[in-house]
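Engineer: Same order as they appear, the protein sequences are chains A and B.
Position 69 (the first sequence) corresponds to 233 in this note's numbering; numbering is contiguous.
Position 325 (the second sequence) corresponds to 489 in this note's numbering; numbering is contiguous.
Take these hints with a grain of salt, some might be off.
Pairs involving identical chains hold if they fit within one copy or between any two copies, as the list cannot separate such chains.
Only pairs whose alpha carbons sit at most 27 angstroms apart, straight line, appear in this in silico BS3-like list of lysine-lysine [as the list claims (entries may be wrong)]:
{"id": "1", "residue 1": "Lys315", "residue 2": "Lys386"}
{"id": "2", "residue 1": "Lys364", "residue 2": "Lys469"}
{"id": "3", "residue 1": "Lys441", "residue 2": "Lys364"}
{"id": "4", "residue 1": "Lys396", "residue 2": "Lys486"}
{"id": "5", "residue 1": "Lys320", "residue 2": "Lys388"}
{"id": "6", "residue 1": "Lys219", "residue 2": "Lys388"}
{"id": "7", "residue 1": "Lys216", "residue 2": "Lys486"}
{"id": "8", "residue 1": "Lys346", "residue 2": "Lys364"}
{"id": "9", "residue 1": "Lys323", "residue 2": "Lys396"}
{"id": "10", "residue 1": "Lys396", "residue 2": "Lys291"}
{"id": "11", "residue 1": "Lys469", "residue 2": "Lys216"}
{"id": "12", "residue 1": "Lys320", "residue 2": "Lys346"}
{"id": "13", "residue 1": "Lys255", "residue 2": "Lys346"}
Please keep in mind that the hints were generated in silico from the structure rather than gathered at the bench.
Number of protein chains: 2
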Amino acid sequence: MNQSVLTRPFLRWLWLVLCWPLLVQAAEPLPSWQDGPSRRAIVEFVRTVTAKGSKGYVAPAARIAVFDNDGTLWSEQPLYFQMLFALAEVKRLAPQHPEWTTQQPFKAVLENDIQTLAGSGNEGWLKIVYATHTGISTQAFLTNVRSWMAKAVHPKTHKPYTEMVYQPMLELLAYLRANGFKTYIVSGGEVEFMRAWAEKVYGIPPEQVIGTTFFGEYQYNKGKPVVMRLPKLAQNDDGPGKPVSIDAVIGRRPIFAFGNSDGDQQMLQWTAAGTGKRFMGLVHHTDAQREWAYDRDSKVGKLDKALDQALAEHWTVVDMAKEWRHIFPADTQ
Amino acid sequence: MNQSVLTRPFLRWLWLVLCWPLLVQAAEPLPSWQDGPSRRAIVEFVRTVTAKGSKGYVAPAARIAVFDNDGTLWSEQPLYFQMLFALAEVKRLAPQHPEWTTQQPFKAVLENDIQTLAGSGNEGWLKIVYATHTGISTQAFLTNVRSWMAKAVHPKTHKPYTEMVYQPMLELLAYLRANGFKTYIVSGGEVEFMRAWAEKVYGIPPEQVIGTTFFGEYQYNKGKPVVMRLPKLAQNDDGPGKPVSIDAVIGRRPIFAFGNSDGDQQMLQWTAAGTGKRFMGLVHHTDAQREWAYDRDSKVGKLDKALDQALAEHWTVVDMAKEWRHIFPADTQ
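Between the sequences and the hints, there should be enough to build the whole structure, so can you do that?
Structural biologist: Okay, here's the thing in C-alpha cells:
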C-alpha cells in the first residue's frame with residue numbers, strides 16, 4: 165500500500181513530462197501556421213460552427229468546405245502543372261503523330277519554342293489539351309496522369325509535383341475533416357487530372373473533386389464498356405463557372421471557401437452570400453524566397469479584383485511569407 | 165435477497181416477451197421483402213462485401229450504390245411525376261403568358277387536350293420543360309417544386325407523390341447505408357426537381373443526387389448572387405448518359421445498381437463490368453392490383469432490352485407482385 169502511494173503520483177508525473185510535447189501538438193491544430201490573424205480566424209470560425217447550442221452552430225451535413233487547387237493547395241508557377249503535363253504528353257505522343265513536326269502549336273512544343281507557344285493563345289492551348297486529354301477513355305487517361313506523376317519533377321525545385329503541396333493547407337483540410345466538414349476541390353483544372361492523385365495526396369475522394377469537364381461518350385465495347393473523353397468542353401470550372409459547378413454537383417452552398425486568384429472570386433462571393441457564419445480565404449503569394457511572390461500582374465494566378473473585394477469585405481488574406489511556418493511537407497523535417 | 169432471485173428472471177422474461185417482435189424486426193433486414201430470390205441475393209451480396217477478410221470484401225469508401233428514381237424508388241405511371249409537375253406549372257403560370265392560349269403545346273395543356281399534347285413529341289415536351297424549369301434561379305425553382313409537392317396529389321391514388329415511394333426500396337436504401345454504402349440517385353429526372361425532396365423522403369443528400377442538368381449562369385446581382393437556369397440541356401442523364409454522369413460526378417464505378425427500365429441498361433452494364441463482386445437489380449412492375457403492371461410495350465418505363473440482358477446474365481429481377489409484401493409506406497400500417 166505504501167509503495168503505490170509513493171509511486172503512483174510519480175509515474176503520472178513522469179508520463180506527463182514525457183508526453184507533454186505530443187499533448188500540446190494534439191491540442192494545437194494547424195502547427196505549420198503562425199499564430200497570426202488567418203490562423204486565429206480559421207480556428208474561431210470552426211469553433212463557432214461546431215459549438216452545439218451556439219448561435220452560429222451548423223449541422224455536420226451542411227459543413228461544406230471548397231478549395232481551389234492551383235495556387236491554393238499546391239504551387240502553380242511557372243505554369244499550371246496540368247499544362248506541364250500536357251506539354252510532356254505532346255512529346256511522349258509525338259512518334260504517333262508525325263504531322264506534329266509541322267503543325268502548330270505542336271511544332272513549338274516539340275522545339276521548346278516558348279515564344280511561339282505563348283503566342284498561340286487560348287486556342288493553341290485548347291488544341292494541346294484536346295490532343296493530350298481526350299480521345300481516350302477515362303481509365304486510360306488516369307493511367308497516363310499517374311505514369312507522368314510518378315516520374316516528373318518540377319523544372320525549378322526538381323521535386324515531384326505531389327510534394328509541392330502546401331503543408332499548412334494539408335493541415336487545414338485535416339482539421340476541417342476532424343471537425344465534421346466535407347472537403348471539396350473546386351478547380352479550373354480538369355477533373356480526372358486531379359482525381360488521379362487527390363485522394364492519396366489530399367485525402368479528398370474522387371466524388372469530392374469538381375473541375376473542368378469534357379463531354380463523355382459511353383461505348384459498350386462487347387461487354388467491356390468505357391467512357392470515352394470527347395474533345396468538347398462541357399463545363400469550364402473557373403471564375404463564374406465555379407458557383408455554377410458547386411450548384412450543379414453539390415447542390416448546397418459552402419460555408420467555407422479558399423482560393424488564391426481572380427478565378428476564385430465568384431466562388432468566394434457565392435459562399436459569402438449565404439446566411440449564417442461564413443469563412444472566405446485567399447492565399448496571397450508573398451514569399452519569393454520559399455515559394456513565389458505574385459499577385460496583380462501575374463500571368464498565372466492573377467490576384468487583383470478578388471484581392472480588392474477581400475480587403476473591402478474583410479475576408480481572410482493569408483500572407484504566406486509571414487503566416488506560414490513551413491510551405492512544403494519536406495520543410496517540416 | 166430472496167425477492168430479487170424471484171423477480172429478476174421473471175422481469176427479464178417479461179421484457180423478452182414484450183420486446184420480441186421488435187427484436188426480430190431489428191435482426192431481420194428488409195421486412196417488406198418476401199423471403200424470395202431477390203431479398204436473398206441482396207442480403208448475400210451485402211454480407212460478402214462487408215465481411216472483413218472475405219475474398220469479396222470491399223472497403224467502405226468503394227461501396228457506391230446507385231438507384232434510378234422513376235419506377236425504381238417511386239411510381240412513374242401514368243406519366244413521370246416530373247411531367248405532371250410541369251403540366252401543373254404551365255397552368256399556374258398561364259396568367260403571366262397570355263400567348264400560351266394560342267401557342268402549342270401550351271394551348272393543349274391548358275385545354276387538357278391530351279391527344280395534341282402526345283402528338284407534340286419530344287420537341288413539345290422540351291418546350292414545356294424549358295418554360296417551367298428554366299429562366300429562374302435554382303433557389304426559386306426549388307421553392308416551386310416544394311410548393312407543388314406540398315399540395316399535389318396523384319390523379320389515380322389521390323396520395324401525395326412523396327407517399328408513392330416504394331417501402332421495400334426505402335428499407336433497401338437504409339440497409340445499404342447501415343452497411344457502409346453511399347447511396348446515390350442516378351436518374352433521367354432533372355437534378356433539382358429531385359433534390360427538392362430526396363433528402364427528406366429517401367435520406368439522400370443533394371450531393372448524392374445525379375440527374376439531367378441544364379447549363380447555369382452565375383449572376384452577381386449586387387452582392388445577392390444567383391445561379392440562373394438556362395434553357396439548354398447540359399447532360400441528359402438517361403440510357404448511355406448514366407454511366408457518363410457517374411464517371412463525371414462520382415469518378416468511381418458503383419458496385420451496386422438498381423433500375424427498372426431500358427434507360428437503366430447502360431448503368432447496369434457499367435456496374436457489372438467492374439472487378440470483384442457486383443449487384444445488378446431491376447424492379448419488374450408485375451402488380452396491376454397494388455401498383456401497375458407493364459414492361460416491354462409500355463410508353464413510360466419500357467423494360468425490354470434490359471430485361472433480356474438481365475435474364476441472360478442472371479441479374480436480379482424483382483417480381484413486385486410476388487416479392488414485395490408492401491408497396492407503399494402506408495401499406496405497412
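Engineer: Decide, hint by hint, whether the structure agrees.
Structural biologist: The hints, checked one at a time:
no.	hint	verdict
1	Lys315 to Lys386	neither (35 angstroms within a copy, 48 angstroms between copies)
2	Lys364 to Lys469	neither (33 angstroms within a copy, 40 angstroms between copies)
3	Lys441 to Lys364	between (31 angstroms within a copy, 24 angstroms between copies)
4	Lys396 to Lys486	neither (43 angstroms within a copy, 47 angstroms between copies)
5	Lys320 to Lys388	neither (42 angstroms within a copy, 43 angstroms between copies)
6	Lys219 to Lys388	between (54 angstroms within a copy, 23 angstroms between copies)
7	Lys216 to Lys486	neither (33 angstroms within a copy, 48 angstroms between copies)
8	Lys346 to Lys364	both (16 angstroms within a copy, 20 angstroms between copies)
9	Lys323 to Lys396	neither (33 angstroms within a copy, 44 angstroms between copies)
10	Lys396 to Lys291	both (11 angstroms within a copy, 26 angstroms between copies)
11	Lys469 to Lys216	neither (37 angstroms within a copy, 53 angstroms between copies)
12	Lys320 to Lys346	neither (34 angstroms within a copy, 42 angstroms between copies)
13	Lys255 to Lys346	neither (38 angstroms within a copy, 41 angstroms between copies)
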